[in-house]
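Let the sequences and hints guide you as you build the complete structure.
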Amino acid sequence: MGWFILRRLVLLLVTMVIVSVGVFIITEASPGNVARNLLGSFVTPEQEASFLNQLGLDEPLWKRYLYWLAGTDWIASKRIGLPLERLTTERGFTEWWAKLPSGDLIRWQLKGEDLVAVIKHQDGRIEEKLDNRRWRKGGGGREFFWGVDLHNRAVLWQKGLSKKQWVYVHGKGWVEAAGGATDYIPLKKGFLRGDPGISLRTGRPVAKSLFVRLRNSLVLASISFVIVMPIALALGIVAGLTAERPIDRALSIVGMAFSVIPEFAMGIFLILIFALWLRWLPGASVFGNHAPWERPDMLILPVLTLSLIELGYVLRITRASMVEVMRSPYIRTAYLKGLPHHVVVFKHALRNALIAPITVIMLHVNWLLGGVVIVEVVFGYSGLGKYLLDSAMYKDINALEAGAMIMVVVAVGTQLVADIAYTFLNPRIRFK
Amino acid sequence: MNIKNSKVLQVENLSVSYKTRKGWIQAVQNVSFDLSYGETLGIVGESGCGKSTVAFAIVNFLGPNGKVTSGSIKFEGKELVGLSRRELNRLRGNRISMVYQDPMAALNPILRIGDQLMEVLTYHRNFSKREAYEHCIDMLKRVHMPDPEAVMKRYPHQLSGGQQQRVVIAMAMLNNPALLIMDEPTTALDVTVEAAVLDLVEELKSEFGTSIIFITHNLGVVARVSDSICVMYAGEIVERGHVGQIFENPAHPYTRGLLRCVPLLGTSKSSTVLRPIRGRVPPPERRLPSMCIFADRCGHRENQCVDKKPNLREIDPGHEVRCFKGERFLYISLRDRRSAQKVRRIGSSTCAEKEKPLLDIRKLRVYYTQKMRIGVKHIVRAVDNVSVQVNPGCTLGIVGESGCGKSTLLKAIIGLEKVRDGKIFFQDKELDTLVVHRPLDIIKEIQMVFQNPDSTLNPAYPVGKQIERPLKRFKTVPRKRVREEALRLLRAVRLGQDYYHRYPRQLSGGEKQRVGIARALASRPSLILCDEPVSALDVSVQAAVLNLLMEIQNKFGTTFVFIAHDLSVVRYISDYVAVMYLGQIMEAGPTQRIYEPPYHPYTEALLSAVPIPDPDISQRRIRLEGNVPSAMNPPSGCRFHTRCPRRHLLPDGGKICQEKAPEEHVIDKNHTIYCHLPIETLLELDPVVEMKTS
Amino acid sequence: MSSQKINEQVLELKNQMDKGLLSRREFLRYAALLGVSLPVALRMVGLVASPKLQAAPVRRGGTIKVSSQVHKITHPAQISWLAPSNQCRHIAEYLTFTDSNNITHPYLLKNWEVSDDLKTWTLNLRQGIKFNNGDELTADDVVFTMNQWLNKDVGSSMLGLMSGYLDPTGIEKVSKYQIRLHLKRPEIAVPEHLFHYPAMILNHRTFEGDFIKKPHGTGPFVLAEYREGERCVLKARKDYWRKGSDGSPLPYLDGIEFLDMGAEMAPHIGALKTGEIHVIEASDMGGIDLYLSFKNDPNVTVHAVATAQTRVLRMRVDRKPWDDNRVRKALKLCQNREKILALAYYKQGLLGQDFHVYPKHPEYCPKPVPKYDPEKARQLLKEAGYPNGIEVNLAVGSDWADVVRYAEILKEDAAPAGFRINIQTMPASQYWEKWTEVDLGITPWTHRPLGTMVLNLAYVADDQGKPVPWNETRWVDKEFCDLVTQANGILNVEERRKVFCKIEDIMVERGPIGISYWRNTWLPARKVVQNITAHPTGYLVLTETWIAKKS
Amino acid sequence: MGDVSQLNEYEYIEGKERKSLLSKSLRPFALIFSSRTATVGFAIVSFWIIVSVFAPFLTPYSPTYQDWKAPNQGPSWNHPLGTDELGRDLWARLIYGARIVLVIFPVSSGLWLPGGTALWGVAMALLVGSTLGLISGYKGGWIDEIVMRLLDAMISIPVILLYLLLVAALGASAVNVVIAIAIVGAPGIARLVRGLTLDIKTRDYIRAAETRGESSLYIMFVEILPNTKGPIIIDAMLRVGYAVFAMGTLGFLGLGLPPPSPDWGSMVAKGREFILAGAPWAALWPSVAIASLVVGLNLLADGLREELTRYQ
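Chain order of the listed sequences is H, P, Y and B.
For the first sequence, counting from 1, position 33 maps to 32 in numbering that gives the first Met the number 0; every step adds exactly one.
For the second sequence, counting from 1, position 510 maps to 509 in numbering that gives the first Met the number 0; every step adds exactly one.
For the third sequence, counting from 1, position 221 maps to 220 in numbering that gives the first Met the number 0; every step adds exactly one.
For the fourth sequence, counting from 1, position 133 maps to 132 in numbering that gives the first Met the number 0; every step adds exactly one.
Heads up, some of the hints might be wrong.
[Stated by the list, open to error] To give an idea of the chain B side of the interface with chain P (calculated C-beta under 8 angstroms), a few residues:
1) 206
2) 212
3) 222
[Stated by the list, open to error] Which residues of chain Y face chain H? A few of them, derived with a C-beta cut under 8 angstroms, are:
4) 71
5) 191
6) 205
7) 208
8) 212
9) 227
10) 229
11) 260
12) 261
13) 265
14) 270
15) 275
16) 359
17) 361
18) 426
No wet-lab data here; the hints were simulated from the structure.
Just so you know, even glycine gets a beta-carbon here, dropped at the ideal spot from N, CA and C.
Okay, structure coming up:
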């Protein structure tokens, strides 16, 4: 059994790599860039260029993928010459500092021509002092210095450049300076070390908002799963047992009828009927700061939409599997052993009939989690699906990648659970 | 009412029909027979004759679209047709129980054997769990099941075919039923395992006194097991009588035809010829009620046979037949008929002793690797150090039970399996590559005929196209004459012109095999490998195909390698025979020498297990213990030593068999036996099969 | 300010009004622009400043829930969407305030004076106003904030607005509460620019580029929680400098909760109908469905306002076939304006006349609405060398449903004239990428209080004669540019209207755009929400809003 | 040879009459009409096809004529199903819409191909999917491993997102919708065909072909593929249903066919704005149309599958 799981985990990693590269390439290929989406439609070309540079989005594709995967702090610390450290402040914001041999933490700011260092001593005291001796000589009389700035970025400051530019110095007003930041590397640990990066759209670490969205989607998915699966399986069994008789026909038609209405139409019509005409239920799933389960009335409509669509599909699979099992020789043996109908069905037929649908149902968990994008959009339900849709529309690559990875883990994970369930249910495979 | 002497089962003109897409079809019409206590009735007939339908009609399990249209079935005096479900359930599994053809499918794959056995008792006789468990263990011992406690905990797929059948029989016998219906119980088993199961049936019959309905298509098996026999054809009983009457002087042309087309163990292709029954079974919708059902295939047809339908009439005490001329055939006993016949030999056999064999296999080894789990690889030694030669124009028969490696050997020759070690020479050229890499002219020379008629032809293309494909590929004829050649090939295999446009689904099993043969002939190969071409066919059709193969051999001088598990068929068609066991050849030599002493102990056991459809032939009983070992870790030394009944003849109980593999003992030039037993002791053994001196 | 010298321009305005050349409302607007306080201006008009009439007594408390998109905010000057500004304007405030009938009042400023040549503006700050971290609002904050607007690295849209007439060097801190601006060229609309949505005054002592980290502002609320894409929660401030009608400090509400419910309208409408939220702030995405869904809903009032927001059918004059003015005129003639307004926007707006001057702008010179004339259009096309019509692509953002309907109606009505229009829909985010590149497109333009503002942004060339960045049509017309620069400096409405008449004629004659309608916008709110008005630019001001009773 | 041929002579099996070409071509229809469910399904699907082909005769209005005096009207005498938000007749748009889905594939403004967008999408999916399935099923080994991993990867991403990324990358046009449907549909079909191939691979007629040294390409495409026809056709029918569904979802996301093409998905997407405003017709009828078509296809597929397996 161990080998089996190990093999699946290796496959999981391979699939994750494929998907991550795939998402990177497709997003790169599609037109539009993040700067326009973030800075708004009326942004000027130079602004766009400087913004992309500040976010390190002007690097070549493969470099960006590498930075996303393995992070950038190891490159930056090589350039700065000091190890880097990440702290999270009491208000939950992350701060990157360079670590001095003395143990104190240091960050820099360029004020006009001189370098101002902000030092955080181990006892928490923060000191600000000039630190011009760190400038290093570059070619042609230029001086440069790689350091960490206040906005969690490794920055290359240069002095004595040919082009002059107006720089506003606090307290002194405008002063013309021949230098400034020319290259940025946003600091992050990289996906492999648990930091999927900053969401370009919300500016906050992806992990935090993703977790909330995942929790919401899990709530929606699990409630729908728990409600619809048993009903669908039971109805499937009944339909299978009464094959070709009126009950079977009715159940099949009803199941199918629900699963064919487009989700968005179904959602909106449900809002129309229940929220507006009958006024029984709230029209949207607006949770505010409390978790979905605190407002059950808001869950009813999305879960209903989701379950009706699922019902049809699972019912059909279970029915087909039940019909096939009832035609099998060992059921004939059971009947010819004189066993009553209910014993034949529940002891012999049921377990065999459930093997096939169980595996298919597990595959659907993945669809439930991410595929319900439309249901979430129609109800304004802030789940993982909507998060992925918005990031894709917005080309917020960090969020999209992290979301896609979760989807892969869930997909392959559920497949693994499906396989384990299959081997557990089917002794023919368990005892080779 | 003393039920002992009255009948356990009376069936009065039972008719059953099925609902198909084209409406209701009559599968069985006015079948009548009765069965007394302790008696075994054998129902024999070819596939599609309705024998299983009768069985299922008795237990009223005809499925959603089957229905008993008329007639009555009385079981111990009580009418079964129209019984309520509750009463039916009380009978099923308790007073009437059933055993099926494929035991593996008949057992529920996800329940332990113990549960499936005990539920019969706990339900019918509301035994407690403990009581039921004891009873099951006892019954498993009765059916000679080794280590019954372990078997109770196992799942069906963990048992061998023979063991599974024993479990099903045990399950049927748990409630000591009055009637046991067995539907082809041994068809799917190997001949030695079949023999053991048939012994068990006899044992149970004498011990429990259960009356049995034994359904099979194998005449040998029915001869051995039954007291009385019904012969069914196209849904009707054509002859009924005591087993001796049926086999000694069969009265119905169909019964006589059947008996004549079954190769007897003693017959070879040079001594007699098989007489196939021509034509094919009329499909249910074309069976005219007003004429004899067998009329269009009967060699002795008269007008009256076509004008009105003969009904079953008694021509001898206890011997009924459905034929107007029944009495006439009564007194021409079949055997005299056969011996009196001028021996019609299928032309001079093309097989002669030639110095250069067409096919020469030396020390061939073919291993599979089976991946149980990643990293853990098991080597399966399918073919292990096999050397054999085939002379041009001859037929080499390879016989052995399933898993002995005969198919793998064929695949190695034709190039579908990679050879691990050893050489294959064909027309003096070494075949060392897979078929894909062989030059076209070598590929042309070797063709293959396959076992299962349903999967030998591609269902998506008409017959003509499939025959033309090899013609075009090997360019045996110029492109424009391809169609003409295809029609010639069809004629060569006795199929009409219009089969050219037919699709495989419109052909019967026999017809499909013929097209398979035509396809193999297309490239005019010098060697045709036949992988059990007839074992899936009905007896009557089997004879036609065997004759066709021999006719081709005579006409084109083709060499055959013919593998099968039925010794009488191999005996009939082969010039040379090799007996294989667990990937090795035990004995090889001219056909006649193999079927008479000195035998290799395994050959002897095989011969004694073959059911012979002739009550007058006496057969010595030699049974092998234990199961066939797995090819993954074959026994050391002589592979047969774990089951060899003759080991005790050797000094110190045959220890040598365990340590050393036997060398090759050659008896007069081309008869070899691989056994440590000296030839003299083997010669002293009396023959397995002898004519009963009257 | 009453004793201060009244600018003689104001007197000039007064006699124009007396001669009936200037409506009373426009006089009030201009007087305010010139620094005359409202009560004084009202007296000059013969009206007594009506006391704030108070219907029911104000009820304090309660948290108002508003559905509005919560974007990423770092530097307020970089805000490019209305929704974030509507959230932050309750934390930080602006120097001036333009109300819904386009009158600009001083807010953080006590008052301002402007030189006769409209080149020197003196801004006097109100005293005693405190940031929510206790620091006092001083001139330094104003100077620091203005410099942020003009800093290229920050890249604020204010740069585009003010860099034409103001350089960083022109900002002079006169005293602790007074700032003087020295403009490069005369500009009438400075007070309006100071209310442009990114122009919030920041605390120069603490601001380091991320407003969320240090949300210090003079506004009535304090930032309690900010989660992008989810929610923004504001709590009322105890020591706000403005007093409510009941004497104690504003705001009346305890707090405001902004909930991001995505771009799809159904959840918003559903939530408002069932009372889950009080107000839908649909500044960037509201469509006709808001109006239709609530117009006869008993417990929701739809606060409507006519605005200068419009859908500009723009043609790139530097690309074939639009370089030929006859083709441009032909397409303009294909606009069946009544039908477009009726179907695209259900008559909720004013008919347009193919020039980007809003009829309610002061300097609007009334012109007839051009008629739909496909025959003349076909004739023009034939003259331009396209006897059997022409096939063109029309790029459209699919998120704005009324724009897509506008395109489909135009395609149908332009067909008889010989135009074969292929409509290319794409998500709004993609449209914003190529809105300046496509040959033919329909671009949504937002409301600006003054006629000149939008002309300077989109239809003129810079000093080297190159079209300004937002001139999506690349239309450079020497005569037109001169007229616009001229208009910028004319205070006198009458003169400016004469100049605008010529401007409008040129646009109709050779302009690169077609405008079918100006659209109303709506601010649907529950009936219980009192004292809330819809603003033409889509601003949401809840400082004086209160909730009647539990909704 | 004398007596042998004489012996077998009477064995000469006479053939039966040859089935005419017509009866061979009618076989599939016989299959459909013998099952009630399949007939109902077939009726619904053919209803939409007939209605869309004869659209000009069934309604006086063109799908794009805008009667601007009467937007968002309910069903009335001259507008049987009512009008949409631009005053266009809904019945006309539905039947012309059916054309785009089932009958005509608008490649570009000038070029129209027979067979609707949904059908083309599924056809492409079949092409790609079955080739992949065949190769990975028959060849096995590392090729199979790679293909399976690719399929896993594509299946793990939610379908909606895949559509979105593809159409966002390619832009919204009929051709791109077809490509999107093909790419999303291919994995499912590949898995199905791979399963079938693994089963057919064990058949003897494949061994026969191999013993003739046939190339693996020949074996795959000539010997195996025709035998997967039955299940593939049934699955394809279901996929057409899902393709119609997908076009709807794309329309909903604003990535559907460019206006004013009356494709059902965009109709629902545009109509949804007015549901809550009291005019549900523009969104109701296309949803019902999509649902009915998908139901029709499902019934047809289920009926056929039942028919094929019952008399196996």
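Against the structure, the hints come out as follows:
{"no.": "1", "hint": "206", "in the structure": "holds (6 angstroms)"}
{"no.": "2", "hint": "212", "in the structure": "holds (4 angstroms)"}
{"no.": "3", "hint": "222", "in the structure": "holds (6 angstroms)"}
{"no.": "4", "hint": "71", "in the structure": "holds (4 angstroms)"}
{"no.": "5", "hint": "191", "in the structure": "violated (17 angstroms)"}
{"no.": "6", "hint": "205", "in the structure": "violated (11 angstroms)"}
{"no.": "7", "hint": "208", "in the structure": "holds (7 angstroms)"}
{"no.": "8", "hint": "212", "in the structure": "holds (6 angstroms)"}
{"no.": "9", "hint": "227", "in the structure": "holds (3 angstroms)"}
{"no.": "10", "hint": "229", "in the structure": "holds (6 angstroms)"}
{"no.": "11", "hint": "260", "in the structure": "holds (4 angstroms)"}
{"no.": "12", "hint": "261", "in the structure": "holds (5 angstroms)"}
{"no.": "13", "hint": "265", "in the structure": "holds (6 angstroms)"}
{"no.": "14", "hint": "270", "in the structure": "holds (4 angstroms)"}
{"no.": "15", "hint": "275", "in the structure": "holds (5 angstroms)"}
{"no.": "16", "hint": "359", "in the structure": "violated (23 angstroms)"}
{"no.": "17", "hint": "361", "in the structure": "violated (25 angstroms)"}
{"no.": "18", "hint": "426", "in the structure": "holds (6 angstroms)"}
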